[in-house]
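**Student:** For reference, the chains in residue letters:
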Amino acid sequence: AQRVTQPEKLLSVFKGAPVELKCNYSYSGSPELFWYVQYSRQRLQLLLRHISRESIKGFTADLNKGETSFHLKKPFAQEEDSAMYYCALLTGTASKLTFGTGTRLQVTL
Amino acid sequence: DGGITQSPKYLFRKEGQNVTLSCEQNLNHDAMYWYRQDPGQGLRLIYYSQIVNDFQKGDIAEGYSVSREKKESFPLTVTSAQKNPTAFYLCASMLHGAGYTEAFFGQGTRLTVV
Chain A
43 AQRVTQPEKL LSVFKGAPVE LKCNYSYSGS PELFWYVQYS RQRLQLLLRH ISRESIKGFT
103 ADLNKGETSF HLKKPFAQEE DSAMYYCALL TGTASKLTFG TGTRLQVTL
Chain B
285 DGGITQSPKY LFRKEGQNVT LSCEQNLNHD AMYWYRQDPG QGLRLIYYSQ IVNDFQKGDI
345 AEGYSVSREK KESFPLTVTS AQKNPTAFYL CASMLHGAGY TEAFFGQGTR LTVV
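Those protein sequence lines, which keep their order, are chains A and B. Each number in this note's numbering comes from the position in the first sequence (counting from 1) with 42 added on. Each number in this note's numbering comes from the position in the second sequence (counting from 1) with 284 added on.
Among the hints, a few may not be true.
Cross-link-like lysine-lysine pairs, in silico, BS3-like; alpha carbons within 25 Å at most [as the list claims (entries may be wrong)]:
#: 1; chain 1: B; residue 1: K354; chain 2: A; residue 2: K138
#: 2; chain 1: B; residue 1: K354; chain 2: B; residue 2: K367
#: 3; chain 1: B; residue 1: K367; chain 2: B; residue 2: K341
#: 4; chain 1: A; residue 1: K51; chain 2: A; residue 2: K99
#: 5; chain 1: B; residue 1: K341; chain 2: A; residue 2: K138
#: 6; chain 1: A; residue 1: K107; chain 2: A; residue 2: K57
#: 7; chain 1: A; residue 1: K138; chain 2: B; residue 2: K355
#: 8; chain 1: A; residue 1: K138; chain 2: A; residue 2: K107
#: 9; chain 1: A; residue 1: K99; chain 2: A; residue 2: K64
Here's a subset of chain A near chain B, in silico, CB distances under 7 Å, partners left out [said to hold, decoys possible]:
#: 10; residue: L86
#: 11; residue: G108
#: 12; residue: G142
Hints are computed from structural coordinates only; laboratory data are not their basis. We treat Cβ as the ideally placed atom computed from N, Cα and C, and that holds for glycine.
Pulled out of the complex, with its shape left as it was, chain B reads as follows:
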């Protein structure tokens, strides 16, 4: 079953703790993305990666970190430096080339800081 999988669906974190959100894809896409979705603010880009071992900061990267050691995996770490981490996080991968471009999204992870 091809697609993009985020885990866990719900995550609770104590203040001051780092937490890592998983994103895996078996679509053989080169590009992967992390977004944060807050009510009324749409999708804001946190980090993105075009190829393995390379990634760029998005518009709201502060307090987050990523790695891209494998093509199929792009985990996001929410660090204790992120001032307002409670949000819905979306991961995407993108097929880009040969005149066709489309991003595919995961189901999302809802992170709550308690």
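Extracted from the complex, chain A is given alone in its bound form:
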């Protein structure tokens, strides 16, 4: 069965410090992975997708199939990055979308 693991519930960093939010997945097929973000009082929204290999708001994530990981990185954290981040895995022809438990990123001055 597919599974998404985010080992850190809370990650606290100083402004300007590098950020890495960890995500590991288990799935025997070909995965499609995402990072979603929820800012305070806002809806959950897509941040980035592994397929597009894009950088959004300075964040990047690379799919490492050997390590089954999809860690989210940003070289210099900003206050506005403080939010809840969820890693998600899309599988199968029925489009099952599974989320991890989330990591709260707290950026302090």
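Given chain A, work out where chain B should sit, using these hints.
**Tutor:** What follows is chain B alone, placed relative to chain A:
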């Protein structure tokens, strides 16, 4: 105004009663999802539907039921068999195809059993 709408925002239920949460989308998306969000547990998948008149159990379907009679609607019923129904419920619809995939979420319904 396009989007996904959940109603009501807050819902109170007496123990032993069934209650139905509404989810409507006008985005013309085929796939729809229901999640339960509890502190420290992230989003857990209850049910999902790829097309009209078809749906699959997610990871925590016990005590819940759904229907998908129309493309734009995916109501969730929390039955009296659900042992711990007090939670925040999120509905989503997904655009999937032509090399692009994105899920869109509602504002959520907070259900409290009293």
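**Student:** Are the hints correct? Go through all of them and say.
**Tutor:** Hints, verified against the model:
| no. | hint | in the structure |
| --- | --- | --- |
| 1 | B:K354 / A:K138 | holds (20 Å) |
| 2 | B:K354 / B:K367 | violated (29 Å) |
| 3 | B:K367 / B:K341 | holds (17 Å) |
| 4 | A:K51 / A:K99 | holds (22 Å) |
| 5 | B:K341 / A:K138 | holds (10 Å) |
| 6 | A:K107 / A:K57 | violated (31 Å) |
| 7 | A:K138 / B:K355 | holds (17 Å) |
| 8 | A:K138 / A:K107 | holds (19 Å) |
| 9 | A:K99 / A:K64 | holds (18 Å) |
| 10 | L86 | holds (4 Å) |
| 11 | G108 | violated (23 Å) |
| 12 | G142 | holds (6 Å) |
Hints 2, 6, 11 from the list above are not met by this structure, while the remaining hints are.
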